[in-house]
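Heads up: the sequence lines are chains V and U, in that order. Quick note on numbering: the first sequence equals residues 1 to 116 in our numbering. Quick note on numbering: the second sequence equals residues 1 to 235 in our numbering.
It is worth saying that the hints were derived from the structure and are not from the lab. Treat the hints loosely; a few may be bogus.
[Said to hold, decoys possible] Computed spacing ranges between beta-carbons, pair by pair:
#, chain 1, residue 1, chain 2, residue 2, range
1, V, T88, U, L225, 48 to 54 Å
2, U, V165, V, H23, 23 to 29 Å
3, V, R66, U, G40, 21 to 27 Å
[Claimed, not checked] One side only, chain U facing chain V, incomplete, derived with CB under 10 Å:
#, residue
4, L76
5, T89
6, E155
7, Y160
8, G212
9, P216
[Said to hold, decoys possible] Below, a list of computed lysine-lysine pairs in the BS3-like style, where the Cα atoms sit at most 25 Å apart:
#, chain 1, residue 1, chain 2, residue 2
10, V, K68, U, K46
11, U, K213, V, K109
12, V, K109, V, K84
13, U, K110, V, K114
14, V, K92, V, K61
15, U, K152, U, K46
16, V, K114, V, K92
17, V, K61, U, K213
18, U, K233, V, K109
19, U, K46, U, K110
20, U, K163, V, K109
21, U, K46, U, K213
22, V, K68, U, K152
23, V, K92, V, K109
24, V, K92, V, K68
25, U, K213, U, K110
26, U, K110, V, K92
Computed from a predicted model, the values in this text were never measured in an experiment. Note that CB positions come from ideal geometry on N, CA and C, so glycine has one too.
Okay, here's what each chain looks like letter by letter:
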Amino acid sequence: MHKKLIALSLCAAFMSGCAIQPHPTGFYWGNYSRTLYEYQKSPSPSTLEAHQNSLEDIIAKADGSRLKVPPGVYAELGKIYLDKGDSTTAVKWFQQEATSFPESAQLIKTLIEKAG
Amino acid sequence: MKSNATIKKLSAVLGLAGTLWLSGCAVTPSEPVTRQEVFGGIYSEKPASILVLPAINHSTAAEAPLYYSASIAQPLSEQGYYVLPIPVTNAMLQQAGISDGAQLAAVPAKRFGEMFGADAVLFVTIDSWDTSYYVVGGNVSVGLQFRLVSTKTNETLWNYQNKVVIDTSGNANNGAGLLGALIETAIKTAQQDYFPVAQQVNYRSVWVLPHGKFHPNHAVDATTLSRADYNRKAE
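All chains, full assembly: derive it from the sequences and hints.
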């Protein structure tokens, strides 16, 4: 009986973890806010890596229809690469931001100039 | 004939009494307002993109601006707006030498528009961040002022002073007695994670805004009911 209950609750936890209920905007933020907060509170290579993982996880999970990459995520990932000195990868993500959100055009232009 | 007149009189008196009774009963009717009436500036300008500036902190909690800046992008984007990446714009502002309260307030919104291409700029002042603890729990009371300014006209599109109280008790006391409860509260106070509080405060503030272009209710929410104090200059 007890085992059954545990199995059931595990199953429920697993299922709820799996099915991401999309917001009406479709934006999928994953752990973004939490890892950004941790990084800003105590900047270190490990908190930065955790935040980068959040950004990459958002991009990996978003499929373009049901779940969408929210504003700024591509640009932020690009900025992390730029700060690490990888301007080629940085520019790739900056361009992706501009393609997804034309509202970012001017900011992205400035960022690409910086990278170049 | 006579009885007819009496009835007329009676019904007139009753009618008057009824009116009096009704008016006494009804809560002072406040004029219903729509989002369109409260946020006329936003409906006419239709800002699509928002630059969020670092918060100006007047509270005693030094970490409050950090909580705010990490948790504002999500609710604001879910309200339908393109939010410029805050860590990126904050770094650029810092490089430009404008990153604290007084400096930010001195820059005209138009200048931010030229620098970042945003349609509007969001200024936030954190007035208070007060934590209270009781024997078995506590709460956080956060006072904020939001001001959204058009970068095209320098006009204020949104002025909102909000006070949010969030219960941080969780589910305390499970029959451990007063001493147990005190110890539990002490432990919880030491370990209290305020980030979820900041997230809730931001959600409970920006939801009053009209929906932006990325939300399905964009433009069709103009007739939904709102409140005049959702967009009123702080006195």
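Tested hints:
no.	hint	in the structure
1	T88(V) - L225(U): 48 to 54 Å	52 Å, holds
2	V165(U) - H23(V): 23 to 29 Å	25 Å, holds
3	R66(V) - G40(U): 21 to 27 Å	35 Å, violated
4	L76	9 Å, holds
5	T89	7 Å, holds
6	E155	20 Å, violated
7	Y160	21 Å, violated
8	G212	9 Å, holds
9	P216	5 Å, holds
10	K68(V) - K46(U)	22 Å, holds
11	K213(U) - K109(V)	23 Å, holds
12	K109(V) - K84(V)	19 Å, holds
13	K110(U) - K114(V)	23 Å, holds
14	K92(V) - K61(V)	19 Å, holds
15	K152(U) - K46(U)	11 Å, holds
16	K114(V) - K92(V)	14 Å, holds
17	K61(V) - K213(U)	23 Å, holds
18	K233(U) - K109(V)	36 Å, violated
19	K46(U) - K110(U)	16 Å, holds
20	K163(U) - K109(V)	39 Å, violated
21	K46(U) - K213(U)	8 Å, holds
22	K68(V) - K152(U)	29 Å, violated
23	K92(V) - K109(V)	13 Å, holds
24	K92(V) - K68(V)	18 Å, holds
25	K213(U) - K110(U)	22 Å, holds
26	K110(U) - K92(V)	30 Å, violated
Hint compliance for this structure: hints 3, 6, 7, 18, 20, 22 and 26 are broken, all remaining hints hold.
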